[in-house]
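Enquirer: Take a look at the letters that make up each chain.
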Amino acid sequence: MMIQTNGLSKSFGGTEVLKTIDLQVAAKEIVVLLGPSGSGKSTLLRCLNGLEELSGGSVEVNGVRVASDMPARKKSAGFREIRRNAGMVFQQFNLYPHKTALGNVIESLLTVKKLPRAEAERIGYRLLERVGLAAKKDEYPSRLSGGQQQRVAIARALAMEPSVMLFDEPTSALDPELVGEVLEVMRQLAQEGMTMVVVTHEMKFARQVANRVVFMDGGIIVEEQEPESFFRSPESDRARKFLNQLSEH
Amino acid sequence: MNLLWDNGLFLLKGAYYTLLITVVAMFFGLLIGIVVALARLKGNLPVRWLARAYVSVVRGTPAFVQILIVYYGLVDYGITLGPLTAAYVALSINVGAYLSETFRGAILAIPKGQTEAAYATGMTPWQALRRIIFPQAARVAIAPMGNTFIGMLKETSLVSVITVTELLRSAQLLVAQYYVYMPFYLGVAAMYWVMSTLFSAILEAIEKRLSKVY
Ligand SMILES: Nc1ncnc2c1ncn2[C@@H]1O[C@H](COP(=O)(O)OP(=O)(O)O)[C@@H](O)[C@H]1O
Ligand SMILES: [Mg+2]
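Just so you know, the sequences run in chain order A and B. Sequential numbering from 42 applies to the first sequence in the working numbering. Sequential numbering from -8 applies to the second sequence in the working numbering.
One or more hints might be untrue.
[Said to hold, decoys possible] Residues from chain B that keep clear of chain A, each with C-beta distances beyond 12 Å, as calculated: (1) V26; (2) A44; (3) T76; (4) E107; (5) I124; (6) P126; (7) Y172; (8) M173; (9) P174; (10) F190; (11) V204.
[Said to hold, decoys possible] Stretch-level coverage of chain A by chain B, calculated; a stretch enters the list once three of its residues show a Cβ under 8 Å from a Cβ in chain B: (12) 149 to 155; (13) 168 to 176; (14) 197 to 207.
[To be verified] Okay, derived cross-link-like pairs now, DSS-like style, lysine-lysine, Cα gap no bigger than 30 Å in a straight line: (15) K154(A) with K33(B); (16) K33(B) with K145(B); (17) K155(A) with K103(B); (18) K33(B) with K178(A).
Hints in this document: simulated from the structure, not taken from any laboratory. Cβ atoms here follow ideal geometry from the backbone N, Cα and C, with glycine treated the same way.
If we strip away everything but chain B, and leave its shape as in the complex, we get (with noise of 0.2 Å):
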C-alpha cells in the first residue's frame, strides 16, 4: 500500500494521459463520425462505398493491430509518428468508425415526416439536417455516445505497448522498478473503475437532463 502512496503522483500522471487520450479520440472521432455518417447517408456511390469500407475495416479487425500499423508499420513508408501521436490518430481512427454507425442510426431513427416538414417550409437539405434532424438525431446517440466514451478510456491501455505512459504503463513501469505486481496492477484497476463510473454518473445526468427538455 505505501508503495502505492509513494508513487501516486506517478500513476495520477499515466491516468491524466489516459483520459486526455480518450478525449482527444472521442473529439476526433466524433468529426471523423459525422462525416462518415453523412457520406454513408447523403453521399454519391464512390463516396458511400469508401465510407462503408472504412467502416467494415476499422470494425472488422482488432484496435490492438491498428494501433501497431499506425505506430510501426507506417514507419515503412517514411511516416514515423510519435508514441502519443500515433496513439491520437489510431484511436481517432478506430472510434471514428463506431461513432459513425451511432450517428447513421440516429439519424435514420429520426422519422422522415421530420425532413419534409423542413423542406416544405423552404429548408435547404442541409439546413434541415442541421436544424431538425441534429438536434434530434443527438439526443438519440448521447448514450451510445456515452457508452463508447467509456469504452475508449478502457481500450486507451492498448497503447501502453507503443510506450505511451497512460495509466497501464505507468503500472507496468512500476513494476518492473519495484519486483511487485498485486499492488500496482489493483491500484490502476481501481482508477479505471472509479473513472468509468464516475463518467457513467455524469453521462446519466446529461441523459436525465435531456430527456426532461421535451
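Bound conformation, chain A alone (with noise of 0.2 Å):
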C-alpha cells in the first residue's frame, strides 16, 4: 500500500472531525474524495502528511509510519519524510509571491535537496514545461492568472519527485474557463503513473480519471466503490442525497 491509515482519529478542540478513518490507497492509484462541505476531506488530506496532527491512530506513506503515540520529536521526523514523498495542492495554490514561477518551483531543491543551483534551475525547467509553462519561468505569481498559479504549484509538488499527490479542490477556486488547464495537467499525472488523493468536485473528472471514489460525511468513510457504480447507485442514502443535491445545481 502506497497509503494507509489505521484508526485514524482528529479532534479539534472537543469536536471530533475524523473518526477512525482506515484508509488505503494503492500504488498508481487515483482515489476521488468525495463528500459534502465539513465532512473532514481536508482534514483527512492534511492528517496523510502530517500539516494537522494527529488524535488517534496511525499514518504510512511510502512505508514511512508516523503514530500519534509516538514521542513528539519521531513525529516530526517521520512526518518530514513523509512530506518528501508526498507533494500536496492546495485550494488557493499559496505559491510564494516573492519568487518566479521558476522559483517556486525550485525552492525546495535548493533548500531541502541542496542542490545546486544549475541543477535545479534545469529540473524546474522541465517540469514547468510539464505543466506547459516554460515561457512564464521569470514571472511572478500575482501576473499569472490561477490556472497558471494552480499549474506552477503542481509543478513545485512534483519537484520533490514525490510518490503521492495530494490535491485538496485544486480547481474550486479558479474561474470555470480556467478549470480544464488544470484538470488536464491532472489526467497527464494520472497517466503516468502517479499515486493520487484528489479531493474535488469535479464529477466528470471523477468518473474518468479515479479508480476508486471515497464517499466521506461526518468524519467517517461511508462508502467507497468503482465510480462508474458510485454515481449510478450509490450504496448509501448519505451518499444518494450528496449527489442529488450536486445534479440540482
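Take the two lone chains, each set in its own frame, and fit them into one complex as the hints suggest.
Expert: Okay, structure coming up:
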C-alpha cells in the first residue's frame, strides 16, 4: 500500500472531525474523495502529511509510518520524510509571492535537497515545460492567472519527485474557464502512473480518471466504490442525497 | 548666524554622534527585535512570557527613565558604563521592544498557507521561516521600521542628559558658552529636520523599489 491509515482520528478542541478512518491507497491508484462541505476531506488529506496533528491512530505513506502515540520528535521527523514523498496542492495555490514561477518550483530543491542552483533550475525548467508554463518561468505569481498559478503549484509539488500527490480542491478557486487546464495536467499525471488522492467536486474528472471514489460524511468513510457504480447506484442514503444535491446545481 | 557658521564643525560633530547612536541602536535593536519576536511566536511558555514582559515594561516606561536607569542606576550594582555605551545600551533595548512588535506583526501578517506550502515540500520550520516567511515579512516591516528609525533619530536627543555630546548637547554647550539661545536651538532643529527628511526620502525610494519587485 502506498497510503494506509489505521484508526486515524482527529479532533479540534472537543469536536471529533475524523473518526477512526481506515483508508488504503495502492500505488498508482487515483482516489477521489467526495463528501459534503465540513465532512473532513481536507482534514484527512492534511493528516496524511502531518499538516494537522493526529489525535489517534496512525498514518503510513510509502513505507514511513507515524502513529499518534509516538514521541513528538519522532512524529515530526516521520512527517518530514513523508512530506518529501508526498506533494500537496492547495485550493488557494499558496505560491510564494516573492519568488518567480521557476523560483517557486526550485525552492525545495535548493533548500531541502540542497541541489546546486544550475541543476535545480534545469529540473525546474523541465517541470514548467511539463505543465505548459516554460515561457512564464520568470513571472511572479501576481502576474499569472489562477490556472497558471495552480499549474506552477503542481510543478512545485512535483519537484521533490513525490510518490504520492495530494490535491485539496485544486480547481475550486478558479474561474470556470481555467478549470480545464489544471484538470488536464492532473489527467496527464494520472496517466503517467502517479498515485493521487484528490478532493474535488469535478464529477466528470472523478468519473473518467478515478479508480475509486471514497465518500465521506461526518468524519467517517461512508462508502467506497468504483466511480461508475458509485455515480450510478450509491449504496448509502447519504451518498445518494449528496449526489442529488450536486445534480440540482 | 555668524555664530552658527563659526561653530558649524562642532555642531556637525554632534550630528555625527546623533547619527552614530541612531544607527548603532537600530542595528542592535534589530537583532533584539528579531529574537524577541521569534521568542514570542515560537518560544515555550516561560520564554514567551519573558519576551512579553520585556516588551510591556519597555513600552510602558519613558525612554528618558530607561536612559537614567542604565547610566546612573546600574552604578549602584557596580556596573559603570561610559555615557556613549550607556546610550547604545539603553536605546537598543528601547527600540528593540518596538521593533519586536513590528516584526511580530509582520510575521503574523503572512498567510498560514505559506508556511504550510513550505512544510508540504519538506522544509523544516526554520527553513520555512528563513526562506519563505522572513523575506515576505521584511517587506511588510520596512515602512514601520523606517518610521522607527526616524523616531530614534529624534529620540537620541534624550541622551544629552547623560553628557553624550550629540547634536542637542552640542547646542547646549554653545549656548552656555555664548549666552544666546535661539541661533543654536534653531540651528540644531534645522539639522534634525534635514536628517529626518533625508532619511524619509531614502526610505520612500527603498519602499518604491521593493514594491516593484513582486
Ligand atoms: N483548524 C480547525 N479548527 C477547528 N475546526 C476545524 C479546523 N479545520 C477544520 N475544522 C472543522 O472540521 C470539520 C471538517 O473540516 P474540513 O476537513 O475542512 O472539511 P471538508 O474539507 O470536507 O469541507 C469542519 O466542521 C470544520 O469546521
Ligand atoms: Mg475542504
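Enquirer: Beyond 12 Å from every Cβ of chain A: is that where the Cβ of M173(B) lies?
Expert: Its Cβ never comes within 12 Å of chain A, the nearest being 51 Å, so this holds.
Enquirer: Holds or violated: is the Cβ of A44(B) farther than 12 Å from all Cβ atoms of chain A?
Expert: holds (27 Å)
Enquirer: Confirm or reject the statement that Y172(B) sits farther than 12 Å, beta carbon to beta carbon, from all of chain A.
Expert: holds (52 Å)
Enquirer: Closer than 8 Å Cβ to Cβ for three or more residues is the test here. Does the stretch 197 to 207 of chain A pass it with chain B?
Expert: holds (count 4)
Enquirer: Would you check whether the claim that P174(B) is not at the interface survives, using Cβ distances to chain A and the 12 Å cut-off?
Expert: holds (50 Å)
Enquirer: Between K154(A) and K33(B), does the CA-CA distance stay at or below 30 Å?
Expert: Holds. K154(A) to K33(B) sits at ~25 Å (cutoff 30 Å).
Enquirer: Is the Cβ of T76(B) more than 12 Å away from each Cβ in chain A?
Expert: For T76(B), whose nearest Cβ neighbour in chain A is about 38 Å away, the distance exceeds 12 Å, so it holds.
Enquirer: For V204(B), is the shortest beta carbon distance to chain A beyond 12 Å?
Expert: Per Cβ check, V204(B) is inside 12 Å of chain A; nearest 7 Å; violated.
Enquirer: Taking a Cβ-Cβ distance under 8 Å as contact, does the stretch 149 to 155 of chain A have three or more residues in contact with chain B?
Expert: holds (count 3)
Enquirer: Run the C-beta distances from F190(B) to all of chain A and say if the shortest one exceeds 12 Å.
Expert: Holds, because the least Cβ-Cβ distance between F190(B) and chain A comes to about 25 Å, which exceeds 12 Å.
Enquirer: Beyond 12 Å on every Cβ pair: is that true for I124(B) relative to chain A?
Expert: Contrary to the label, I124(B) does not stay out of reach of chain A, its closest Cβ about 10 Å off (not over 12 Å).
Enquirer: How does the coverage statement for the stretch 168 to 176 of chain A fare against chain B, requiring three or more residues with Cβ below 8 Å from a Cβ of that chain?
Expert: It is violated: at least three residues are needed, and the stretch 168 to 176 of chain A offers just 0 whose Cβ sits closer than 8 Å to chain B.
Going down the numbered hints, you'll see the structure goes against 4, 5, 6, 11, 13, 16, 18, while the others check out.
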